[in-house]
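**Student:** Each chain, written out:
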Amino acid sequence: ILNVEQSPQSLHVQEGDSTNFTCSFPSSNFYALHWYRWETAKSPEALFVMTLNGDEKKKGRISATLNTKEGYSYLYIKGSQPEDSATYLCAFRSNDYKLSFGAGTTVTVRA
Amino acid sequence: DTAVSQTPKYLVTQMGNDKSIKCEQNLGHDTMYWYKQDSKKFLKIMFSYNNKELIINETVPNRFSPKSPDKAHLNLHINSLELGDSAVYFCASSQDTWAGGYTFGSGTRLTVV
Numbered sequence: 010i011l012n013v014e015q016s017p018q019s020l021h022v023q024e025g026d027s028t029n030f031t032c033s034f035p036s037s038n039f040y041a042l043h044w045y046r047w048e049t050a051k052s053p054e055a056l057f058v059m060t061l062n063g064d065e066k067k068k069g070r071i072s073a074t075l076n077t078k079e080g081y082s083y084l085y086i087k088g089s090q091p092e093d094s095a096t097y098l099c100a101f102r103s104n105d106y107k108l109s110f111g112a113g114t115t116v117t118v119r120a
Numbered sequence: 543d544t545a546v547s548q549t550p551k552y553l554v555t556q557m558g559n560d561k562s563i564k565c566e567q568n569l570g571h572d573t574m575y576w577y578k579q580d581s582k583k584f585l586k587i588m589f590s591y592n593n594k595e596l597i598i599n600e601t602v603p604n605r606f607s608p609k610s611p612d613k614a615h616l617n618l619h620i621n622s623l624e625l626g627d628s629a630v631y632f633c634a635s636s637q638d639t640w641a642g643g644y645t646f647g648s649g650t651r652l653t654v655v
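Residue numbers (our numbering), protein chains in the order written: chain E, 10 to 120; chain U, 543 to 655.
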């Protein structure tokens, strides 16, 4: 099992504020980096799949960047809303196709 | 239309029993997976099948046996259930060439008493 670390473990943010958090992963045997959003009592839902160093992806107010050389990715939430409250998982896919998940960052947006 | 469906959603059973969890996907994906959510909420890969062939088999007790009758189905059979098998099990599927990531089922909460 590959070491995928996410920080912080949890964070609270005021509605309207922006926030970001990190995922670090091995910089060797890189195939792809995934981000998932996981709401309570639901299943993880894919946000982004990034494959190239320097990739930036955006979906609405959520965006992500990727640095494969140093082994990190950032997820940004701009103008947080209560519906953004969820656990955000990153997952590192090595070139043997295994997808290893981090423990997640749990975001709570206060109205 | 449910993309990845798992049954049952909840399963309570006694130690020593044998049980199965079924998973079906209607996305036309080539690869299916079983993940176990451990006590610290990590999702850990157990098995992966690509076009009915086993491609990933992590260190899982051999009481766990996956079966893929066709590429749309990946079932998980567990023999001689133990208390430590209690967890949430997630099925997922992906298309290797598809950039959309994995699609997960809603999970099966297994409780062994």
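Do not take every clue at face value.
Okay, derived cross-link-like pairs now, EDC-like style, lysine to aspartate or glutamate, Cα gap no bigger than 20 Å in a straight line [claimed, not checked]: (1) U:K561 - U:D638; (2) U:K564 - U:D612; (3) U:K609 - U:E595; (4) U:K578 - E:E92; (5) U:K613 - U:D580; (6) U:K583 - E:D105; (7) U:K586 - E:D105; (8) U:K578 - E:E14; (9) E:K51 - U:D580.
One-sided excerpt, in silico: chain U residues whose CB lies under 10 Å from chain E [claimed, not checked]: (10) V546; (11) N592; (12) F632.
These are calculated hints, taken from the structure and not from any lab test. Positions of the beta carbon are idealized from the N, C-alpha and C atoms, including for glycine.
**Student:** Now look at each hint and say whether the structure bears it out.
**Tutor:** Hint-by-hint comparison with the structure:
no., hint, verdict
1, U:K561 - U:D638, "30 Å, violated"
2, U:K564 - U:D612, "13 Å, holds"
3, U:K609 - U:E595, "9 Å, holds"
4, U:K578 - E:E92, "27 Å, violated"
5, U:K613 - U:D580, "26 Å, violated"
6, U:K583 - E:D105, "24 Å, violated"
7, U:K586 - E:D105, "16 Å, holds"
8, U:K578 - E:E14, "18 Å, holds"
9, E:K51 - U:D580, "16 Å, holds"
10, V546, "8 Å, holds"
11, N592, "8 Å, holds"
12, F632, "7 Å, holds"
Consistency with the previously given hints fails for numbers 1, 4, 5 and 6, ordered from lowest to highest.
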